[in-house]
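Respectively, the protein sequence lines represent chains A and B.
Counting in the working numbering, the first sequence runs from 539 upward without gaps.
Counting in the working numbering, the second sequence runs from 779 upward without gaps.
Calculated from the structure, these hints are not laboratory results.
Don't take every hint at face value.
[Said to hold, decoys possible] A few chain B residues that don't get close to chain A, going by computed Cβ distances all over 12 angstroms:
id : residue
1  : G789
2  : V949
3  : I1049
[Said to hold, decoys possible] Label-pair ranges, simulated between beta-carbon atoms:
id : chain 1 : residue 1 : chain 2 : residue 2 : range
4  : B       : F879      : A       : V814      : 16 to 26 angstroms
5  : B       : P924      : A       : G595      : 51 to 61 angstroms
6  : A       : A615      : B       : G789      : 37 to 47 angstroms
Even glycine gets a Cβ: it sits at the ideal position worked out from N, Cα and C.
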Amino acid sequence: MAQFLQYAFSGLTVGAVYALVALGFTLIYNASGVINFAQGEFVMLGGMVTVFATAAGVPLPLAALLAIAVAVLVGVALHLLAIEPAKGASAVTLIIITIGASILLRGLASIVFDKRFHALPAFIPGEAWRVGGASILPQSVLVLGGAAAVVVLLWVFMSRTLLGKAMIATAANRMAARLVGINTVWIICASFAVSAAIGAIGGILVTPITLTNYDVGTLLALKGFSAAMLGGMGNPLGAIVGGLVVGLLEAFGAGYISSAYKDAIAFLVILLVLFVMPNGLFGRAGVERV
Amino acid sequence: MTMQTLLRRHGVVLGLLALVLVLPLVLPSNFYFRIATLTFIFALAVLGLNLVMGYAGQVSLGHGGFFGIGAYAVAVGPTHFGIPVWAALPLGALLAGLLAFLIGRPILKLKGHYLAVATLGMGILIAMVFTNEAQYTGGPDGMSVPRLVLFGWSARGPITWYWISGISLVVAAWLAMNLIDSPTGRAFRAIHDSEPASGVLGVNVARYKLIAFVLSAVFAAVAGAYLALYDGGVTPRTAEFLRSIEFVTMAVLGGLGSVIGSVVGAAFLTILPQVLTVFHDYEHVVLGLLIILFMMFLRDGIVPTLARLIFRRRS
Chain A
539 MAQFLQYAFS GLTVGAVYAL VALGFTLIYN ASGVINFAQG EFVMLGGMVT VFATAAGVPL
599 PLAALLAIAV AVLVGVALHL LAIEPAKGAS AVTLIIITIG ASILLRGLAS IVFDKRFHAL
659 PAFIPGEAWR VGGASILPQS VLVLGGAAAV VVLLWVFMSR TLLGKAMIAT AANRMAARLV
719 GINTVWIICA SFAVSAAIGA IGGILVTPIT LTNYDVGTLL ALKGFSAAML GGMGNPLGAI
779 VGGLVVGLLE AFGAGYISSA YKDAIAFLVI LLVLFVMPNG LFGRAGVERV
Chain B
779 MTMQTLLRRH GVVLGLLALV LVLPLVLPSN FYFRIATLTF IFALAVLGLN LVMGYAGQVS
839 LGHGGFFGIG AYAVAVGPTH FGIPVWAALP LGALLAGLLA FLIGRPILKL KGHYLAVATL
899 GMGILIAMVF TNEAQYTGGP DGMSVPRLVL FGWSARGPIT WYWISGISLV VAAWLAMNLI
959 DSPTGRAFRA IHDSEPASGV LGVNVARYKL IAFVLSAVFA AVAGAYLALY DGGVTPRTAE
1019 FLRSIEFVTM AVLGGLGSVI GSVVGAAFLT ILPQVLTVFH DYEHVVLGLL IILFMMFLRD
1079 GIVPTLARLI FRRRS
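With the hints as constraints, model all of the structure from the sequences given.
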């Protein structure tokens, strides 16, 4: 039981980060129809900027804010400079553009920062807490709490503010949204910004546990994308559940079956789920117009 | 058959053949032969992928896995099972085709991004086997590959492999062009344009998607075997998912649905990193930037977009 709890804690911690990445995918996909493979780089930027800002003597909260700001700027720039000018190109062309952006950002990060691994001190110092025979780091609780806070804030933002509602309207039907006077270019830009901020927050929170370097984004994008698809593309709840499930599968797979095959177990389950539910756990079946 | 289709079909293949024949006259050193050989090998894999993506309209992010099966077949077969190299190569291709056939049925029911993630998972599972089954594959360090020996003649060095891969590419292009102009090829394109519509018209959608998928897996496996034999070794990096992403990028950059596009896309991403080494640390920055710019300005891929521009000017 203690062992089970232990795996569950580590699975949920990693899963929370996957969930944030998946949520970022979902936001951009809903607003613009683009699968943004540079999503993982936002997480990397969150961690790396915070590490280097704190090393330069900036207090942690300020460094974290700075990191989020940098990620948001990069997200907005990605949209305005690369995605928006290619408006009307096919989905696969846009995906390759985001892959190019991901290579570019990784390259820049390796120059501006370096290629080494970096850690941050835990935000809440102290010993691991004991829960039911298992131990959990305060930082893990912070990751989970932070992810939950992001989700709640996002929900409030989407359902209570005009900007959020405009984002939902744009996701539902871009043409109709434009007809009622919503500046959809601006809204898509905002969704890149929000998505970048969410990724960066994930990166900042998890860096004390998992370390970071210029290259962490690739794997995170891969896992986040898979999680979003597992949940059902375009469904925010699906993204969160998908992320947590992928994290838990990895942890339990590594613990009970084989640590060498932990990624394999997660992907095997994703494949099986998709065979039974071709639109993911929460996705709706689309109807193709002929 | 009109003169025009004849010219189009054979023009591409003949042009490619001419390129393969003439290039050695201008390539100054073994280094350039190596780059050309790598381009041909990757173009072979991308050509297969293009059948799936460009003609049948199905995304695959898992072709690095098939590439790896071909590569490891010529490594593991001779080393552990005593299979001669010349037999291990087609055996690997057969194995990749068989796997594609078995996995393809359930996977190809998925659409769009769901198919992408399923093929991605498949590729990662395959790569993981190569990394973890160290008693056969040498684990993360990989293993060496014996030379291909045919009738007492050992195939080694960039110039030999230039000819093997170049001629193979021409043959593959000829096969692909024939396929595209056959009823099967027309069925591929119908599926690309609209799956429900082609289903209604009596095209067996599942069957043709599977054909394209299996063929592309075989192409990728042969290419993988060539790379392993040429390099004299394999590591799990041969099959990693970045390889799959690279193939897709090559196919899209060169132009989906274009045989020449496959070669141009493969050349672009093989030659460019060599050229960009002059930028040292900035290599990846420039590479990423160029991919973005090319896709922004040549949206349908390099070859189709340029072809359209030239055609428009003429008429």
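Status of each hint after checking the structure:
no.	hint	result
1	G789	holds (26 angstroms)
2	V949	holds (28 angstroms)
3	I1049	holds (16 angstroms)
4	F879(B) / V814(A): 16 to 26 angstroms	holds (21 angstroms)
5	P924(B) / G595(A): 51 to 61 angstroms	holds (58 angstroms)
6	A615(A) / G789(B): 37 to 47 angstroms	holds (43 angstroms)
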